[in-house]
Each structure stands twice: as C-alpha cells, then as structure tokens.
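Undergrad: Taken in sequence, the protein lines are chains X and S. Read in my numbering, the first sequence has 424 at position 424, and its numbers run on one by one without any break. Read in my numbering, the second sequence has 39 at position 39, and its numbers run on one by one without any break.
Hints listed in this document are in silico derivations from the structure and should not be mistaken for laboratory results. Just so you know, these numbers come straight off a predicted model, no measurement behind them. It is possible that part of the hints are untrue.
A pair holds if it fits inside one copy or across any two, identical chains being indistinguishable in the list.
As the list claims (entries may be wrong) - Calculated pairs, SDA-like style, for lysine to any residue (alpha carbon to alpha carbon, straight line, at most 25 Å): (1) K654 - N310; (2) K654 - R308; (3) K5 - L453; (4) K631 - T312; (5) K410 - M474; (6) K651 - A529.
2 protein chains.
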Amino acid sequence: MDYTKVWLNYRPIEGAQGKKHCVCTRESGAVIDNIYAELDTAFAAMYGEKPARGLTDGAVKIDLFLDKTMGKESYRIEKSDRTIDIASGGQEGLLYGVFELLRRMQTGTLEGNVRLEKKPSNPLRMANHWDNMEGTIERGYSGMSFFFENNEVIVNERTRDYARMMASVGINASVINNVNVRTTAPWLLTERYRAPLIEMAKIFAGYGIRLFLSLNFASPVRVGGLDTADPCDEKVIAWWKETCRDLFENVPNFGGFLVKADSEGEFGPFAYGRTHADGANMLADAVRPYGGIIVWRCFVYNCQQDWRDNVTDRACQSYINFIGLDGQFADNVILQIKNGPVDFQVREPVHPLFGGLKHTNMMLEVQVAQEYTGQQRHVCYLLPEFREILDFKTCNGEKYDTVKDLISGKNYGYKNCGIAAVVNTGNDANWTGHDLAAANLYGFGRIAFEDTLTPEQIAREWIALTYGTDEQVMENIEKILMMSWPAYEKYNAPLAIGWMVNPSYHFGPNVDGYEYDRWGTYHRISHSAIGRDRSSRGTGYAQQYPEPLASMYNEIDTCPEELLLFFHRVRFDHVMKSGETLLQHIYDTHFEGAEDVEKMAALWDALEGKIEPEAFARVKERLAFQVEHSKEWRDRINTYMYRMTEIPDAKGRKIYE
Amino acid sequence: MDYTKVWLNYRPIEGAQGKKHCVCTRESGAVIDNIYAELDTAFAAMYGEKPARGLTDGAVKIDLFLDKTMGKESYRIEKSDRTIDIASGGQEGLLYGVFELLRRMQTGTLEGNVRLEKKPSNPLRMANHWDNMEGTIERGYSGMSFFFENNEVIVNERTRDYARMMASVGINASVINNVNVRTTAPWLLTERYRAPLIEMAKIFAGYGIRLFLSLNFASPVRVGGLDTADPCDEKVIAWWKETCRDLFENVPNFGGFLVKADSEGEFGPFAYGRTHADGANMLADAVRPYGGIIVWRCFVYNCQQDWRDNVTDRACQSYINFIGLDGQFADNVILQIKNGPVDFQVREPVHPLFGGLKHTNMMLEVQVAQEYTGQQRHVCYLLPEFREILDFKTCNGEKYDTVKDLISGKNYGYKNCGIAAVVNTGNDANWTGHDLAAANLYGFGRIAFEDTLTPEQIAREWIALTYGTDEQVMENIEKILMMSWPAYEKYNAPLAIGWMVNPSYHFGPNVDGYEYDRWGTYHRISHSAIGRDRSSRGTGYAQQYPEPLASMYNEIDTCPEELLLFFHRVRFDHVMKSGETLLQHIYDTHFEGAEDVEKMAALWDALEGKIEPEAFARVKERLAFQVEHSKEWRDRINTYMYRMTEIPDAKGRKIYE
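Build the full structure now, drawing on both the sequences and the hints.
TA: Written out as structure tokens, the structure reads:
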C-alpha cells in the first residue's frame, strides 16, 4: 500500500548519524513489540542505526520500566547523558513515553538533561469514524473507508499504521463505524463480523486503543428478531446482555458503544415512551460486567421544523432534552455533547449542557472532519477553536468550571469522561485529503492528551515532524495554519449566524440554502436586519446559561461580537465596536477573508524547493482552489447583503449586483 | 399487466345495447388488424356486441376504403342511417378515422347524419421520450420506463397499448430514448439491440407510428471505434452511411434520429470546428436514401455561466447559435425549437427563432412532462399554453405568420415540419402519475393533429372519454383543468421571471435556488427591483424579434404584463395596469393561486360517487398535496419578497417573517 507517513515521517538528524542506542526492558507483549518496532523505524531513519536490544556498550541506554505508583497511561522521561529512563504505570504509558521521546528527538527538543512527567488530561480520548459498511464515509473528504468495503471489515497493514498513528498522539479509543448505523452495520455486533473485528481489536490493543462500535438501538428487532426494542422489556434486556457478553468475551479490549438515538431519524427509546436514561442505563447494565462504557450522544432535536414556525429553536433542544435527566445516568454512561448547540458551524457558543449537567459524565464532541469548514479543500486549522472551547468558563459555580475541567473530570474526580472527535481520515494516500488537515488530527490527539497545549505549540510540533525544522518552513506554515480558521470565519456566514451553505453536502456558499428547509437553522435576513432573537425576548436560548453568562448573552451590547448573530436579531445599521455598521463589518470581513487566503497561498509558494515536490504541489493546488472559492464565498455573501440593503460598500470595492 | 385504459376506457352507451354493426373493407394488413381489434374492444364495451366482419343484414355497415385523392393520414367520415363510410388515402388515415368514429360514438357527438373530413395539421406529430437504458426517465414523474429496463429493450403487451394510445390521438412518430444518449444507449444503433427494436417497430407500424432514436454524435468513436467523430471526415461519413443503411434496411418503418449536440455537455460538431449545419447535413445525407429525417435540437447555450457575469444572457443564445445558419440545412433536417428561449418555464415568450428562420424546416418542442409545472403532483393542464403558443403571431412578414402556420408548413408548403412533445408516460398503472395529467398527453396529440381545437373542446372530449358524460363530472373537471395552468402560474415565480425552483430536480419553491448557479437564469432581486433588463438597454434579447414585437417588448409600458419580468428589471413600486404595485401584484397572485387550488380540490370532492372510487381517491390525494404545496409556494415567494422590501401586504394577509 502506498500512503504517506504523515507526522511519523522520521528523517535523519543532522550531526547524529551513527549514534548508538540500546533498549532495555523486562516487559513483553504486543505493546512492547510495537515499541521496539517504532524505535527501529525511527532510529534507523534518524540515526542510521536501529537500537540494540539489551544493554550494549557505548550505546545510549533507553530503559523502559513500570512504576506502579503511576497511572497506566502516564509516563515519566528522565534523560541524562547516557541514559533515558521511561517509566509508567502501564505498557500504554511506556508507548506514549516512547512517542514523546521520538517526537522530541526529531524536533530537537530533547537537549541536555530532561525530566518530564505527563499524565493524560482526559481519561477517554476517542476517535469517532463515520464510516459506512459499503466503504463510504459520511462527511468524509479523504477518500473511502479503510475499515469497511462492500459490507466487509478490512484488516490489513493500514489498520496497523492507523493504530500506530493514533497512538502516537495519545488516542486510546476508536469507534470505527458511523453513528448512523444502517445497512449491514447493525450486524457488527454479531458472529457475522466477529473474526475480522477480533483481528482489528488485537492490533488496536497493541497500541493501547480500545475498539468501540456504534450501535443501532433497534438491534433487538433488526438483528435479534424480537418484536420490540423497548429498553424496559425483559426479552430486550436479556438479548442485549447476551449480545454484549458474547462480544466482550471474544473481542479483546473491546470498549463499548457509541449511541445516536432518537436523532435525525435514528431509532431510540422515545418509540416506547422511555427516556434517554432508560435506554442508556439498560445498555450500561449489559456492558458493566466487562468494564464497558456507553457513550450516548446529546445531538437530539426536531429535524422536521416548518420554516414558518418562528417559535421553535433548534439551539434550545439538546439542553431541554437532557437537562432534566441530570443524575439519572449510570456511572458507565457518558453523555457526548457537541461543542455547540447546533452543529459544528465555524463559530458557535459553547453548549450550555456543559455548565448545566452536574451529576452526569460528560464528553466533548468536536469535529476534526471539516464538514462545515471547507471539507479539507480549504485549510482550516481548528486547534484555536478547540483551545477556546476547552478554556470556556461555564460559570456553573464549581471550583473548576471550564469545559476542560468538566470533561477531564478535574472537577468531578476523573470518572468516565473525556473528549471525542469526528475524525477526518480516509484511504487517500495522504490520509486526510488536504495534507495540512493532518494538523487537525494530530492536534486533536495532542490537546486531548495535554489540554493546556497552545495551538501554536501544536502547530510547530506538527510542522517540524511533517516537514522538518527549517525555520522558514516552520514560520510560514505556522502562519498559514494560524490564519486559517479566522480567515475561514471571515468569509463564511457572518458572526456565528452559520448555515449559509449548500444543503446536504455542506460545501460552498448558499445564503438561503437552509433558509426555508426543515432543519431549524434560519437567518431570517430582511432589508433592515439579520438574525434570530435568542434572548429572553426571543426563544430564550440565552437563559440556558448560568449567570453572568445568561445576562451577558442576553443583550446586544454585552454579547461577544463574534457571537452577535447567534443570539440576536440586529439591524444592519447597528454600530459595531469598530465604529463600522454591521453591514460594513460583513463586507469588510468578507473582503479580508478572501485576501487572507491569497496571503496564505503566497506563504506556501515561498516554500517551493523546501518541501518535497509532490507534497508541495498537493497543497499548492488546494490553496489555489481555496483562493477562488473564498472569493465565491465573499461575493455571494456580499452580493446577497447588498441586494437586500442596497447600501454599497463604504470603501468602494466591487460588489456584484 | 395491470394498468388503466386512460381515455380508451370504453363504456356502455345508454339505450344502444345490442345495436349491431358490421365492418367491410378490402384492405388488409397490420393496421387493418388493429382497426378490427379496436372496433371489437370498443363495440363490445359500448354496444355489448362486437361488429361482424363483412356485410351483415340488420347491422350498421362500417365501410373502410381507400380514396387515393386523399392524403395517407387524412380521412373522411360519412354517416347516414345505416352506413358509416370511412375513406382515406392510406390505412393510417382509416385508423385515425376509426378512432374519431369511436370517440364520437362514446361521447355522443355523432348524432344524425354526419359528414366530416380531416387532414392532420402537422406532418410530424412526435413524442419525445427521455427514457434511459437503465429504466429511469429523465424528468419522468410516472414511474419507470416501459421501453427499457436494465439496459435491455422491453417489448410486451404494454408496448402495443402504448402505440394504440398514441395512435388514438394521432401521434405518428416516437423517439423512444432520451436526448442525452448515455451509458448503453449509443448501442441502440447496432446489432446489439436490433431484434427487440424490429419487434417494437413492427408494432408501431401497425399503429402508423414511425420509430425514431436519439443518437449520440460521438457514436463513430464510442460505438464505431473510430478515432474521430468529425462530420467532415470521410471515415466518419462512411461509418454513418453504413450504420444507417443497416438500421433502415432492417427496422421496418424506421424514421430517423433526434439529436442533441453541443448542449449541456453532449458532444457535437463544435469539437471539430464544424457547424450545426455540417453535423446535421452529414447525417441527413446518410438517412436520405431511406426517407429518413434528422431532427436537430436548438437547445444550445452556455451552461457554465458565472453568476457574476451580467452581460451574457442565456435567453439570447439559441437564436444566436442558429439564425446565421438559416438556409444551410438539408431538406430532411428539421430544427426542433423549444416553445420559449429558456426551458419550459410556466410562462416564457415564444422563441424568436420561429419568426427568424425562413428557409429552414422547423418543429415546435413543447413539454407535456410537467418538469417545471408540478411534476404530475400538481394539476396543470397545459393546452391553454399550447394554444397561445400556436396562435402567436411572429410578425415575420409572411402571409401566414403564426407559429402554427410556420411549423405546420402552411406558409412554407408542408415540408418536413411539425410538433414534438417531451411526453409524460411511465410504467405507473395510470401511465401519467396524476390521472389528470393524461389530459395533457391526450391534448397534445389532438392539437398536433387539429391545430385549431380549443383547450376547452379538448378537455371536454378527454373528460367524456375518461370519466363519462355526466354533466357535473364534465363541468367540474373542465373547470379544474381550465383553472390549473393560471393557478400554477400565479403561485409560481411571478410574471415570467421563472426559475424560483429547487435546483436539479425542479420541484418546489426556492427563490434563490438557481440564483448563484451556472445556468444563466437569474432574477437579481434587490430591495427595490426585480428582473433582468433584456431590452435594447440591457441584453438586447427583445431585438431578436421582428417589429412591432421588438418595440413592444422593449418598453415596460407596452410589454405584455404576463411577460413583464422576463423582459425588464422593474421596481417593486411600479404600478401595474390594475393600479396595484408590482409587489402587491405578486402578493395578490400568490394568495389567489393557493386559493384557486382549494377551489379545484372542492370541485373534485363534489364528484365523489360519480367517479370510480379508486380513480377518485388517486386524484383526491394529489389535490390534497397540491393544496399544501401551493401554500408553500405562496409563503416562500411572499416571505422572500416581504423580507426584501419590508412592505407588508396591503390587505393584511399573513406573510411569514
């Protein structure tokens, strides 16, 4: 198979060729084998020599050992002149320690004596793959699935490289199939797919990754042949217990299930008058004997709204559906909450459930797959967004009240919790469609493991690993990455109003694309104003936040400007903090956004000769597309606003009529 | 097979049961066999007795004979007390005469002594089926194809009933495959599909129908294995000659080809720097020895326009592409011209080529398939539209200058010319999806044969044949039909601006659906005005018409109001002839249109018990849908206009914000 090595692209270290290392450990097993293999690959490339096994004269000794005082995934690295000790409470921690060691060696950040100790911030660091059994990927922009093809499970060399890549950034759980569990996917639970799943789970286990599946809540009917899937029915309970026993006893290191229920047409407990808690807890009972976990998604709303209904507000619904259930979920259930209340727009307020739930395990769900952020044809480095989300103060009255405090369990005692991302991989040769999109996958893993890293730190790590440490390369690509989310936000739908996108496939501008549809996402632009009022005078969404957030969001004057049109209906002549009108602000940002992309393309072009030619050309081509497409965004949004208002750009730039 | 008999739904004639008839003729052959079969079916149902063959005492004698002074498709019926003579110059004319006889018997319009003579107005009366080899139908709203399935040609009992149905209204040519000739369709020319095509052509011939195929201009490459399809290349010419010889010599009554070239991605002579005339004439040479005809479509335009380009005008392009070729086409080439310059919108001006071309055979192309007119889920009886088109005075300076005079050949000597319709059949049990849509198919055939019939006459014929002659049934359904096109026009895109429809599938309202797309169909609505200027001050489209039309269309004050927004950009505060503003006119017509549909539904409901229950229920269900969907049209258009202008309805009706 021919595919790139992404950030595991080990390359010679200048001045260190022939440097000898040896590896010493009393541990053994699949994880240790993988550590050896990684060290072999890396050192052969970096130093021209694989490390010796066992103590060797004249070689730097890498000593791997367990320290039972530490967590299984934590590690400590102590480097002196001739020795590098890596200690952990478990083999997984040793693996993570080795990856950090290699990262530091490769990027030149292991100079002198070093002592560092790391404990993963989040207990669960999970990849959600929306891969379908036929081989397609829902919201996939990097080719087809490498997990499934023609309704079969694929296990091959790429499975191993996938696991290795994910482990290298600390991912410890993967849900391999789409949350919409259709066609043959419900049968993943059964004997039919058992053999390859066991094989895959073994590979995953060797990299510290637990295999999870998405399940279909109707499985007792669809797969089990029962006449009901009522979570309170004895037959149904027995069926799930037996199905889970069979799975957990046979599939090594199996983790549990991700569930999308009563959402966008997926079946759920509502069909039987049961609550989400009834449904989730029944499953939790079935998986508890094996240490299994049920991850239950909170993405529940009415997707059959009439656009003429101006009362119903989709943004309110996830909170309303779950807040009353706080405290009712079993301890091995985790609610997985999207970062915002709607759906992965380029800008949304942080979901009010994070501050609302106090007695419920929570996970944050972000989207590394660029569904609404350019589909890996635009560069859009999302770590600045993730950083903001994690740092958001929910003001929920707890001692530690940021999102990262709540999902990591810092405030609630590190129970079942963590962070998940809908990821962006596919069978494209470069894994992520756009080469630069790999920074998002890398960064997601890194920030999930160390939730205090900055986007800049992560960017520089990733650039150095992927392209080497040439300072211009580092600087230009860091600039491109750091400019990209703000630029995308500028030329996208303004000020968090979102959804000005082509329906269904969500690519390209379309101001009215969802405006008269059933999805509850309306901008309601008229000649003089734009937006929906979600204050206490409108749909009341702002009141789902604790004070002082509720009051802050409730008023145009105190609402953060970047969220202005999420919370308020605002006149086009409203004066922004900049002194410009709202309309002029929209024009300005759209011109700026497209200009920023031209700058990004120029920054890339300046690296010609410093980047491997094929990799250079791939990114150049996508940036050229982005230059044109960002203009299309600019022009369509600006023209729409101009036609609506008939007020020209104050700076006289070209707006098409 | 289980499908309805549509208008061939013969039923007992009150007070005439047991009435005896006999048929006498010296003619024989397939057409005569079909005449016998039709008389048997009809008389058994109407009189309870099949006609005797040969002179029979006490029976009304139906005498069928040839009169070589008449045209082959003309007929004369002379009815006296005991004798009905039907004479024609050909067996096809006898068949048409018999269908007219039966129609009159069934509808009670053959009282007393009758003498009538009919000559078809148009030499060619052609059905265009956009059926694909896989069995789908492009713009088909009545199920799947009954000509093709899984890349095979289907010939069965329904093929015969299809031919019979078409012959009963005078259709004499059918193009059975889509003008977009893709997948396996180019191979229809070849041996691969020869056997079933011969079988089908024989059935067609028995009903006076010539079989035509759509061809792919790239066939010499795609099918013939040549390295070019250049119409001036000797190899290509030879290939077409041989292919046509093979087809015409083996497929009985084969008519020729319909060609979509250099249009919407279909291949054509432009690829080799040749003209449409080069392409068409080369094919015409190849089919001439067999009396074959080449029908060449004029639907040629740039479908890759940038919405920001406000100079290019799709409406101008068909005329520009063909007017310079007038006189250059062979005499067995016919240019097939859509009724309007764009694409089958509910209202368009008549295509300027009709008045422009003076030395070229022309056919009018209309669309019976309701692509933009409700897709057979809305009732939209199109004969009033066809009537207007046929009667349109082109002012081209000829003695007979209406569209019907030009396409029938009345002005140019009845050469190769006529009328074609993209038809609305499929394998649904009722043939046309909506039972009432059969009136459009029926009416197309009837008006093509007799181009002076009124929509009301045709409606009453069709109703009587389909549902019987109960006066309330006749009256209510006639009202529904006659209200339906005006109603649809009212709640559709206003005043011929068109295109406020969902992209691709063309169903349901979407004001901006095509606004920023590549198809050249822009309304350019802004706060104060709507429409594109196609006058001499704008794109100049109005100047494609002869005077006085050019001047009439050129000015807002003289432009017919129903075409106002096709030709002009008009301020919303423009005062219409009614005294209302343009904006208020839009509001009014949209409220009226939806109200009209409620009236139509009530008219149908009043017929409960008078219509066969299943047929009643089918139409009732579709009308109930139309009631709701016309409100969706009303509300989306009105809301869009309201948001744009912020001027409320003067009559205080509900417009959603």
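Undergrad: Tell me, which hint numbers fail for this structure?
TA: Those not satisfied come down to hint 5.
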